[in-house]
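Chains as they are written, first to last, in the UniProt record's numbering: chain A, 1 to 766; chain B, 1 to 701.
Don't read these hints as lab results, they were simulated from the structure. Don't take each hint at face value.
[To be verified] Across the chosen pairs, the derived CB separations fall in these ranges: (1) B/V32 x A/V626: 30 to 40 Å; (2) A/A243 x B/L234: 12 to 22 Å; (3) A/R638 x B/L628: 42 to 52 Å.
[Said to hold, decoys possible] Below, a list of computed lysine-lysine pairs in the DSSO-like style, where the Cα atoms sit at most 30 Å apart: (4) A/K507 x B/K68; (5) B/K488 x A/K452; (6) A/K542 x A/K434; (7) A/K399 x A/K490; (8) A/K490 x B/K555; (9) A/K480 x B/K327; (10) A/K507 x B/K536; (11) A/K155 x B/K615; (12) A/K583 x B/K555.
[What the hints assert, rightly or not] Over the 10 Å line for every Cβ pair with chain B, so calculated as not near, a few chain A residues: (13) P152; (14) N411; (15) G720.
Note that beta-carbon positions come from the ideal geometry of N, C-alpha and C, so glycine has one too.
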Amino acid sequence: MAKKECVAQYKDESSMLRSRRDKMNTGEQSPVSTHHESTQEENTEDDRLSEGDSQSLNGTSAQHDQGIYSPNNEAQSTVFFLLVVLLSFSTRLYKIMEPPHVCWDETHFGKMGSYYINRTFFFDVHPPLGKMLIGLAGYMTGYDGTYPFLKPGDKYEHHNYWGMRGFCASLGSCLPPFAYLTVLELSQSLTAALITAAVLAFDTGCITISQYILLDPILMFFIMGAVLSMVKFNRQRYRPFSAPWWFWLVLTGVNLSGALGVKFVGLFVILLVGLNTARDLWSLLGDLHLSLMDFGKHLLSRVFGLILLPLFLYVTIFAVHFVVLNKSGPGDGFFSSAFQSRLIGNNLHNASMPEYLAYGSVITVKNLRIAGGYLHSHWHLYPEGVGAKQQQVTAYLHKDYNNMWLVHRPNDSDAQSGEPDLVRHGDIIRLEHKETTRNLHSHLHEAPLTKKHFQVTGYGINGTGDPNDLWQVEVCGGQKGNLVKVLRSKVRFLHRATGCVLYSSGKTLPKWGWEQVEVTCSPYLKETPNSQWNIEDHINTKLPNISLSVLKPHFLEILLESHIVMIRGNSGLKPKDNEMNSKPWHWPINYQGLRFSGVNETEYRVYLLGNPVIWWLNLVSLGLYVVMVAAASLALRRGVQLDKRRIEHCRVLLEGGGLLLLGWLLHYVPFYTMGRILYYHHYFPAMLFSSMLTGITLDTLLQSADLWLRPPYSHWLLRGGQAMLFLAILDSFYMFHPLSYGMRGPLAHDPDSTMAGLKWMDSWEF
Amino acid sequence: ETYGHPRLLFDSMLTSIKLPIVIRAEINLVLVVVTALGLLSRLYGINFPKAVVFDEVYYGQFVSLYTKQVFFIDESGPPLGHMILAFGAYLGGFDGNFIWNRIGAEYSSNVPVWSLRLIPALAGSLCVPLCYLLVVELGYSHLTALGAALLFLMENSLIVQSRFMLLESVLIFFLLLAVVSYLRFHNAQSDSPVRLAWLVLTGVTCACAVGVKYMGLFTYFLLLGLAAVHTWQLIGDRALSNVSSLGSVVLMQVVSRFLALVVLPLLLYLGFFYVHLTLLYRSGPHDQMMSSAFQASLEGGLARITQGQPLEVAYGSQVTLRSVSSKPMPCWLHSHKANYPIRYENGRGSSHQQQVTCYPFKDVNNWWIIKDPGRYLVVSSPPRPVRHGDVVQLLHGMTSRLLNTHDVAAPMSPHAQEVSGYIDFNVSMPAQNLWKVDIANREAEQEVWKTILSEVRLIHINTSAVLKLSGSSLPEWGYRQLEVVGDKIYKGYQPSGVWNVEEHRYGTSQEQRERELELHSPTHIDINRNLTFIAKFLELQWKMLTVKHEDSEHKYSSSPLEWITMNTNIAYWLHPASNAQIHLIGNFVTWTLANLALAVYVLLFLSYLLRRRRKIEDIPEATWCQLLQAGVVCAGGWAVNYLPFFMMEKTLFLYHYLPALTFQILLIPVVLEHLHTHMLRWVPMTRLGLGLNPVTLLPFS
């Protein structure tokens with residue numbers, strides 16, 4: 001009965017009322033969270049503190065919420081915040097126009113920005129938002145999209161590039177303030193927040209990567225934005241469904257879609273937010289004062305804010321992308337024939353041809369692999385020693401009259417009159433090369449490059465050949481009797497005599513094959529894009545043409561296709577065997593940077609490399625954090641008596657630090673499993689989390705100085721340590737700032753160099 | 001009652017020995033029966049067919065090499081599995097003489113088929129009683145345990161896999177034994193030596209499982225996780241130790257678990273390699289993949305040549321230089337009487353000087369002479385050793401050209417410098433043939449360049465380029481040998497830029513003709529050198545993990561998704577004449593039931609979990625814990641042995657799924673018992689299934 005009353009009260013009261021009641025009950029500033037209080041009223045406060053479970057930790061956090069924001073503190077933190085903003089913008093915008101030539105990947109992303117301004121279709125392995133924003137920034141600042149961005153080192157001359165660089169740098173400048181706010185929120189400690197902000201603001205790596213036309217500053221902006229709004233949202237836990245609660249929830253969702261819209265790395269921050277939300281919901285579910293109805297409201301609002309809204313925005317980004325890019329361009333070949341028919345200037349745009357494949361038609365056949373070529377043959381034979389010395393059949397990436405093939409019945413020689421018959425699933429056909437009149441042929445000789453497959457040749461003359469020229473048409477997912485639709489049907493050609501399937505391996509033939517792509521007949525009958533083809537051009541005068549616009553794929557199909565193409569493109573970026581490539585373990589130790597501009601002594605050199613003092617500090621802090629958190633949890637687990645301040649430290653380490661460590665792990669560990677080529681700059685999102693963790697760890701460590709020193713000395717150690725830390729950061733920034741702001745003259749191994757003596761690792765290249 | 005008491009263990013411990021000594025044993029007849037059935041199903045007629053069945057062709061080679069004690073390297077797994085198979089061969093007295101080249105090839109009479117297949121079959125049959133014990137240890141009834149054992153017994157894919165010389169059944173045996181012994185340890189009440197023995201057995205079997213296949217790691221990590229959670233609970237148990245003996249009990253427990261589950265397996269794993277390397281002391285087909293030092297430690301092969309070589313490289317030494325990188329293949333610095341073409345096919349020009357390449361075969365043209373610039377070619381007496389930092393010239397033995405590099409683009413890698421044997425064409429292209437010796441693995445400055453042991457970078461004096469293997473092959477004009485370049489942007493330690501002296505002798509002849517004769521003759525003189533075990537282990541393990549074999553398509557390869565639906569099978573053997581076949585394919589009923597059980601378990605688990613969070617307790621706490629533990633072991637065991645395959649890029653087969661399947665099968669009876677005792681209890685109350693369940697009717701009667 002009493003319990004019921006309690007529940008009713010709980011529902012009615014606002015959070016303010018509750019906290020006041022808490023105070024009245026315990027007679028002092030109470031460290032008790034409300035639900036805890038109402039379930040275990042008979043517990044004394046001491047019991048709760050010594051319990052050391054998560055509930056009592058929540059309790060102390062509630063207390064702290066009230067304690068920390070005294071007006072004085074708030075003013076102080078605002079002043080520091082403004083200082084951080086100022087420092088951050090000034091370090092990133094300084095020398096933003098230097099060097100006045102294309103640096104590193106600007107050649108890609110600048111170019112893609114221009115494509116948006118010119119509305120030309122292109123292909124990239126990343127989702128479009130980052131490049132769209134770059135294009136927009138360029139457009140707004142008067143860049144006309146005419147600069148070709150051919151290769152790194154090209155001079156910009158009169159072209160207007162400051163807008164794009166400035167835009168990226170501004171987003172990059174938001175990172176230290178965001179990190180400052182996040183850490184302040186998590187630790188309630190101004191020093192921790194300031195350490196974090198200093199680490200990020202004075203890191204040469206973060207500065208360099210923010211200063212150029214790249215996706216990374218945009219990506220990191222959204223990642224940090226998502227983390228900040230998530231932390232702010234967590235903070236609103238005690239005021240559910242209030243305006244700020246909704247605001248931070250929606251903002252988290254918007255940032256998530258932004259992060260994913262720039263690079264797929266955004267998935268990791270989505271995972272982080274997802275895990276945090278799951279934990280949040282779990283504790284709500286365990287709160288028996290909350291009715292299931294209320295819990296349902298919580299659940300649904302999060303589904304809306306963190307799943308539906310981001311999904312909608314993400315899809316919208318793609319919709320804008322497809323609407324803006326409506327002209328044929330360099331990306332066409334990566335996409336299917338149906339996709340290409342959307343693009344103005346592509347030969348399939350507004351074309352018309354017969355809808356179903358028929359006997360007697362002239363066709364081109366395109367492989368469904370990414371950038372798969374057209375089935376091709378020409379007046380050249382396979383060289384001596386490569387299978388039978390018959391005419392070559394290859395896959396060719398460009399449109400050419402040698403891609404034309406004639407569809408015949410197995411034995412017909414003369415054309416029939418009247419309406420031609422349509423080709424159906426299961427039919428046996430013969431494909432005759434239009435130019436050379438050879439039949440598509442295969443036999444039990446090994447293929448030139450893929451030795452386990454059979455060779456495919458052109459054989460016979462004027463259409464007369466042998467039984468090895470017969471192929472069975474199979475529509476993927478079709479049944480006997482289905483028609484073959486131009487552009488849309490996926491078709492496989494099964495060789496009658498050997499049972500193998502026509503296959504394009506993607507390997508490039510040597511000189512004798514004009515470096516075209518190998519075509520084989522594969523005995524492995526798995527349905528892969530390599531063995532699937534579609535009919536692209538289709539000429540048959542006896543059939544009525546239909547406009548291809550009816551075959552145009554609808555939006556969801558385009559969306560799906562472009563994702564498949566992107567994912568395949570990503571996994572296709574394999575490291576080359578004999579190149580020195582960056583390994584994930586190189587990154588945290590700052591093993592090797594990236595050359596942004598210039599190589600030798602005469603050039604203006606910019607080198608992307610983290611400030612080693614800061615990076616190694618981060619590394620040490622990670623180790624320290626693990627040790628400290630192990631000690632803290634063991635102490636809590638074994639029930640060691642701790643005072644309030646110490647318990648608060650444990651809470652910050654476990655909850656705030658835990659969240660950041662999780663963020664670091666999520667943004668770092670997956671790279672170990674990736675087969676694609678990796679670069680140093682992939683570590684930067686993880687580095688943000690690591691820096692925030694450094695702030696919390698070092699601050700807590702210094703605050704705990706009184707564990708091993710008596711009061712006056714411990715206080716000196718605290719202040720001294722903080723001063724040392726800031727001095728070290730500033731001094732190292734002064735030493736290494738030429739990495740970001742440009743170096744000229746001799747390289748570092750020369751004593752005359754500005755960087756002399758700073759090449760602490762042999763692997764650094766400046 | 002048809003079944004007896006669960007414990008096979010001796011009833012009373014021999015704590016105090018009193019006369020007369022009496023041992024009373026209780027024997028679980030059910031266990032005996034299922035063991036017998038297991039043996040019958042797995043051992044019956046295992047010497048049929050007398051032909052190579054599927055992967056026997058692969059493991060067979062290694063068994064043969066074991067019996068001949070010839071060194072080999074197999075990247076597919078650690079050596080324990082091969083050792084176990086080889087032990088079978090040893091029992092059967094196999095002499096190793098069989099050519100393992102084709103599936104379906106008839107075994108010759110010297111191959112003891114029965115004993116080769118015996119050990120996997122035994123391991124496979126013992127899995128049946130282990131399943132029984134595992135379910136009992138999870139706290140379920142004997143009837144349920146019997147069900148588990150029977151389901152496992154009648155899974156034909158497991159039967160097929162056990163009956164041939166394959167490793168999966170051995171792996172599954174160790175996995176089940178590890179889980180059973182850990183559960184025994186966990187369930188035991190008091191701190192007796194027997195309890196400790198179970199813990200040690202867990203560690204040992206985990207090591208064995210990992211030693212058979214790397215896949216064992218997944219289950220090992222699962223057990224480690226489970227042990228960590230249990231230990232954490234132990235630490236939290238404040239009743240265990242008061243302040244006076246603070247943590248002593250807890251500390252002991254934590255330390256003993258750490259020793260048994262982490263340290264012991266590590267040591268055993270090293271032990272397997274120790275045995276492996278001790279047994280295989282002869283050189284063999286895979287020597288070339290290893291470093292010169294490793295090869296020199298094997299009997300025969302390189303050791304025959306290098307034994308007795310002088311240790312210190314001196315001015316005038318005649319050497320062959322092997323690239324430390326074995327990518328794309330092991331090779332030696334080489335030159336021959338052919339020049340670079342004046343123009344390459346793409347129109348770029350060359351120096352037209354003598355080609356310098358890297359050649360993957362032993363050849364007299366691999367010999368170079370270390371020359372002091374401006375001095376003679378013979379070794380002085382006493383020899384003057386070459387040290388780190390010294391500047392030398394390298395003279396090609398057969399053509400007397402000096403190793404040279406200059407600012408000319410290399411043929412295949414235009415960003416790097418061409419390396420040539422210098423020919424003076426009088427075209428203002430001066431000789432640049434001085435090289436600094438930089439010993440990468442030196443322990444002291446001024447260290448002497450040692451044969452085989454020293455890894456040396458050759459740094460060009462004029463351009464500070466490093467002599468390096470580029471990784472590409474030269475075209476026809478370079479006889480498809482490997483390209484060697486001078487790399488100016490060399491950074492860090494790259495194996496492709498490091499060389500070691502493999503064959504070595506002190507040159508004595510001043511005259512070119514005599515020297516050629518000398519080069520053709522074998523080396524001699526005697527010094528003994530040995531690698532430590534740890535160095536050998538590290539090298540072998542690293543090679544095993546990094547050797548890449550080509551992506552090969554296979555007719556019967558499959559993807560993980562096809563396994564759960566049993567959408568794939570493998571033809572293991574086909575009689576050439578009678579068309580008799582052996583297929584690896586699952587028992588459809590078992591697979592469906594297992595998938596169903598998993599789905600039901602997940603549903604049950606989630607609903608209980610959420611309802612418990614709302615303080616609605618459908619089942620008692622103890623039952624919930626039991627269900628949770630069964631889930632961790634069975635569903636968890638399935639997940640850790642299955643899901644990682646989605647991230648693997650190697651060629652996968654249906655048999656990779658069998659360990660996961662084993663755990664999934666155990667879930668069927670567990671879920672059934674739970675449904676029976678806790679869900680059907682409601683049936684009599686709704687008057688639907690009256691009389692179905694005598695146990696739950698008892699309270700009403």
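Q. Is A/K507 close enough to B/K68, meaning Cα to Cα at most 30 Å?
A. Given pair A/K507, B/K68 is violated - Cα atoms ~41 Å apart, limit 30 Å.
Q) Does the claim that A/N411 lies outside the interface with chain B hold up, using a Cβ gap greater than 10 Å? A) Holds: least Cβ distance 33 Å, greater than 10 Å.
Q | Given hint B/K555 paired with A/K583 - CA-CA distance at most 30 Å | A | violated (34 Å)
Q) Taking C-beta pairs only, is A/P152 more than 10 Å away from all of chain B? A) holds (15 Å)
**Q.** A/K490 paired with B/K555 [C-alpha distance capped at 30 Å]
**A.** holds (23 Å)
**Q.** Range hint compliance [Cβ, A/A243 to B/L234, 12 to 22 Å]
**A.** Given about 48 Å between the Cβ atoms, the range is violated.
Q: Return holds or violated for the Cβ distance of B/V32 and A/V626 against the range 30 to 40 Å.
A: violated (51 Å)
Q. Is the hinted pair A/K399 and A/K490 satisfied, with a Cα-Cα distance of at most 30 Å?
A. holds (20 Å)
Q: Using the beta carbons of A/R638 and B/L628, state whether their distance is inside 42 to 52 Å or not.
A: 25 Å Cβ-Cβ, so the 42 to 52 Å window is violated.
Q.
Next pair to validate is A/K507 with B/K536; report whether the Cα-Cα distance is within 30 Å.
A. Judged against 30 Å, a Cα distance of about 38 Å means the pair is violated.
**Q.** Pairwise hint evaluation, B/K327 against A/K480, where the allowed Cα distance is 30 Å at most
**A.** Judged against 30 Å, a Cα distance of about 50 Å means the pair is violated.
Q. Are the Cα positions of B/K488 and A/K452 separated by 30 Å at most?
A. Not OK: B/K488 and A/K452 at ~40 Å, beyond 30 Å, violated.
Violated hints, in rising order: 1, 2, 3, 4, 5, 9, 10, 11 and 12; the structure is consistent with all others.
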